[in-house]
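**Q** Just so you know, the sequences run in chain order X and A. Those letters in the first sequence? Residues 1 to 286, by the UniProt record's numbering. Those letters in the second sequence? Residues 1 to 319, by the UniProt record's numbering.
One or more hints might be untrue.
Computed, partial: chain X to chain A, Cβ under 10 angstroms [stated by the list, open to error]: (1) Y9; (2) R12; (3) L60; (4) P62; (5) V119; (6) A125; (7) L134; (8) T141; (9) A160; (10) L175; (11) P176; (12) L222; (13) L253.
Simulated from the structure, these hints should not be mistaken for lab results. The beta-carbon is built from N, C-alpha and C at its ideal position, and this holds for glycine as well.
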Amino acid sequence: MNRGLLSSYDWRRPVVRRTARTVHAVLLVLLFLVGLGPVLWLAKSAITPTQDTLRDPLALWPHGVDLSTIATAWTRVQIDRYFLNTVLLAAGSWLVQLVVATTAGFVLSVLRPRYRHAVSGVVLATMFVPSIVLLVPMYLTMVHLSLINTFWAVWLPSGASAFNVLIVQRFFANLPREVFEAARVDGAGAGRLFWSLVLPMSKPIIGVVSVFAVIASWKDFLWPMLVLPDPSVQPLSVRLPALQPFVELDVFLAALAIATVIPVALFLVFQRLFLRNDALSGAVKG
Amino acid sequence: MTITAEKPTTAATGRPPVRRRRRSLVTWVRGGGLGALLFLLPMLVVFTAFSWYPIAESVVMSFQQTNLVTAPVFVGLDNFRTVLTDPLLWTAVRNTLWFALLALLLGYPVPLVAAVLMSEVRRFRGLYSALAYLPVVIPPVVAVLLWKFFYDAGPTGVFNTVLRAVGLGPLPWLQDSSTAMASLVMEATWAAAGGTVIIYLAALTSVSPDLYEAAEIDGASVWRKIWHVTLPQLRGVLLITFILQIIGTAQVFLEPFLFTSGGPAHATTTILLLIYDYAFAGTLGGDYGSATALSVLLALVLAVFSAVYFRLTRSWGTL
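Excised from the complex, chain A in its bound form (with noise of 0.2 angstroms):
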């Protein structure tokens, strides 16, 4: 390391550069330079050609028509016309963010009101947290499955079973346009609310008490509280929360695709379900270009709100 950092200085003397060359990499490789290199290969192999290499062929194969056979050629703005020109895009585009807006209505509040909840809870913490974290680690694919099971809409269904003991239903569920949608929220909401409680109740422990004594001293009731000091506390992971959402639903593709593979009538075809039909679902191998173009012009409007997370995480210094 320390003969690294005298390498400058080597460089500033007038001798011919050749010799000062091999010197300079000789003492490179002898301060463990070449051993840095090679501890880092794994990374910088991984890293290239499953993460940097694929981002920037992806920009290039959204100007490029391309399938397996034939070698690509440049269409110029093309894949972007055909993207937007999509009649299902729009559909595409209006059903991911009518998922986004219930999303946000469902799952937004509950784990909130769950945390500031369990935060009072003086015994059995523990199982509270874990009771509602684990539905996170059951595997998605197993939960949708099952959901599946329970969306049942005929009248023995397990929810119109539940639905009925109270005198309601039964509900059609997935089989019905106006309440599908709906129906992968809730699921999606059970799916990754514990996620989030997590998370709040983290950030309700930094809550300073002197904030709520000087509160209490001032005369203010529970809710008060609650509405003057736990919230706007809670400001900055609240907003970070929201954009890890906005981040997530924006990309919903389980759900659609094991649910209902967008049906019914394209009641549930989010922008993801579309991407992957331009590339994998066709007949005649995949529409790449428009699938890589439509990706390209997802990820750009989702660099707003990854960087804007960024931001707030890294001044925030939660990571």
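Just chain X, with the same shape it has in the complex (with noise of 0.2 angstroms):
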């Protein structure tokens, strides 16, 4: 068996495997503790009645519970539509990245041209510019081109990131290309290498990057509020903290739960993807 810090002497010595054995229970409820404990802090509070949360915020079990908040946020407070906003924009930002990702990566690593190494360049270089520094130029080409409230402003700029044309380029350079050639020998243009080659064998990286492409959208914030400035256009993380003041405190943690549901239920769905390294190069772009 792979061998870690301890070694099976080691686990078979009665002071280390006690050790042991009680600080994992101890971090294993710690972890219970300050990973889904908020979770299910807000689970609770969100079909609880504003008084009891508020007089005892800590109560295991609700007094009351009050399914009603989920169904006053979803449709009183327009939840709704802003849920309907928030996958609008996730499903178009999704489809821009792979659209562009896909289709540079099989440029770069499966036909080659002979400018690939120049064009890998200047993309790369773009992972070194703080995405502060896109803001103000950005925010001003989308009034210049009347985007503002439209969801292309959104849709549009998410293709660009290098690092997902990065991750599908190594992984199309991993394919085999003899596959690729006895398909050009056979006849097949570059359209058919793409959709009936290409693509039927990169469905891990498709994953990877689709997954990550919507919870990145879910989770944005300052770019939507900037360029959808109207709020009947406006995607929940922009809408939430707006709504705070005029909305009482059950109904409004009952929004948050509702915007929280989508991205953790993705996470246990594709727990694999998350829980593998290739979060390590992505994290440079904030």
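Two chains, two separate frames, one set of hints: put the complex together.
**A** Put into structure tokens, the structure is as follows:
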């Protein structure tokens, strides 16, 4: 078996075993409290009347369950509309990112024109530039293009992700080239190569890009806030802070809970993607 | 592909230039050059419009007086002068450094300790990492608004209730300039630590068992193994996460913006908040020149860290 810090001899010593077990149990309790605690608290408080939450915020079990808060948030506070906006923004960003990253990766790693190194270079160079630099010029571009208050203002810039291009390019470079040569000999053009060979072989990397695109879009706040000033097109992340002063606490917490469901569900379903090391290189752009 | 590779030989023959160019253009199209360019088009358009052009434009704008109404005017170094003489800048720089320092003290050791402990877990390790990572997937806005409620300064606030149970508090949390920044850092650490834990866990599995065995033959205790084997082996990854954290904390925006709007008394005004204020919070249209000047200055500082990060990840082959 793959060993770590402690040897099998260590593990046989009662002192070590007992200490390790105790530490691990304490760690598990802490992780439950810190990791899951706030989520569970939110879930409970979303269906607890305001008075109960305020009087005894740490009560383990709600006094009276009030499911109507969810319904109120969904309809009267129009969370349904903002939820739909969030979904549409995520879906569009996902599509743009996927199209840009797969076509670019295809050219750079499979078709390999001679200028590919220059192109890869200028794409990679953008990773050095913190996104804050883009904020004002991109905002003014959106104003000049009259894209303010349209979803395009969020969808299109999301495609300019050097990280996506990089990981897709790396994945495509490892696909077996003999298959492409054989297809070429049989007369397949670039389009055929892309659609019938490369894409079907690339489901894993498409999955990674997709999940991270949706989560990132769901998390995004500053950019949508700037380019979507009209509340009727805003996503949840932008709308929630603005709503807070006008909504009763239980309904507000219900709205927060609704905004959390999709990302947490995605995480639970695609755990493997998140808990592998892929996140390391992506973190640089914050 | 093969035809494109022949292009230099065609060019080398002594045909008349016009004909040669037409000929090589035809071979280029026949060889799939045009197809490749068409496939590259989405990326070229998106990157030009939303990455390359804005980066260049931001440098140009930092030397201009710009608003949405009149044509931009070049003003030399005026914007930089305005920014560097703004007394708020130094407050913002100090606050950002303070945030970064607190985040290092609080947030840097926690994931490391957690990961070293978790790497020895033999059952349900997946559960441990899933629990540690869960806060990372909670939308940051939701997390901040939730913690804002937890931070209620009254005696019945969630955290103050917990403190009372152990005989402490109540603390003013976000209400007081002495505790506000630490409160932001606590939430930010909670929200980000899970990602770092996963990075360390992956690095720990690549530590060679031979090294531990060699240390054991020399009679090393668990502590000495951690100190002389584990930590030195993690050196590279520790440096990478350190740089990532510096780059991240230098750009902190969401927490000060949503928790405190930079208050109380500018105690949590960070550099990004200042840039945002220059550009978008003014009553008479934005001071886009000063905003870009400050962001260019920040980018120059961060580019150094980015370059180091890039070299490390490149040579470590972790990408």
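**Q** Now look at each hint and say whether the structure bears it out.
**A** Going down the list of hints, with the structure as the test:
Look at Y9(X): its Cβ gets to within about 8 angstroms of chain A, closer than 10 angstroms, so that hint holds up. The beta carbon of R12(X) is not positioned within 10 angstroms of any beta carbon in chain A (closest approach about 13 angstroms), and the interface hint is therefore violated. Below 10 angstroms, beta-carbon pairs count as interface contacts, and L60(X) has none with chain A, the closest being about 13 angstroms; its hint is therefore violated. For P62(X), the shortest C-beta to C-beta distance to chain A is roughly 15 angstroms, which exceeds 10 angstroms, and the interface hint is violated.
Hint on V119(X) holds. Least Cβ distance to chain A is approximately 7 angstroms, under the 10 angstroms limit. For A125(X), the interface hint holds, since its Cβ comes within 10 angstroms of a Cβ in chain A; the closest pair sits about 9 angstroms apart. Hint on L134(X) holds. Least Cβ distance to chain A is approximately 4 angstroms, under the 10 angstroms limit. Interface restraint check for T141(X): the shortest CB-CB distance to chain A comes to about 7 angstroms, inside 10 angstroms, so the restraint holds.
Checking A160(X) against chain A: minimum C-beta separation of about 4 angstroms stays under 10 angstroms; hint holds. A hinted interface residue such as L175(X) counts as satisfied when its beta carbon comes closer than 10 angstroms to some beta carbon of chain A; here the least separation is about 15 angstroms, so the hint is violated. For P176(X), the shortest C-beta to C-beta distance to chain A is roughly 16 angstroms, which exceeds 10 angstroms, and the interface hint is violated. Interface hint at L222(X): satisfied, since its Cβ lies 6 angstroms from the closest Cβ of chain A, which is below the 10 angstroms cut-off.
At a threshold of 10 angstroms, the smallest CB-CB gap from L253(X) to chain A is about 8 angstroms, leaving the interface hint in force.
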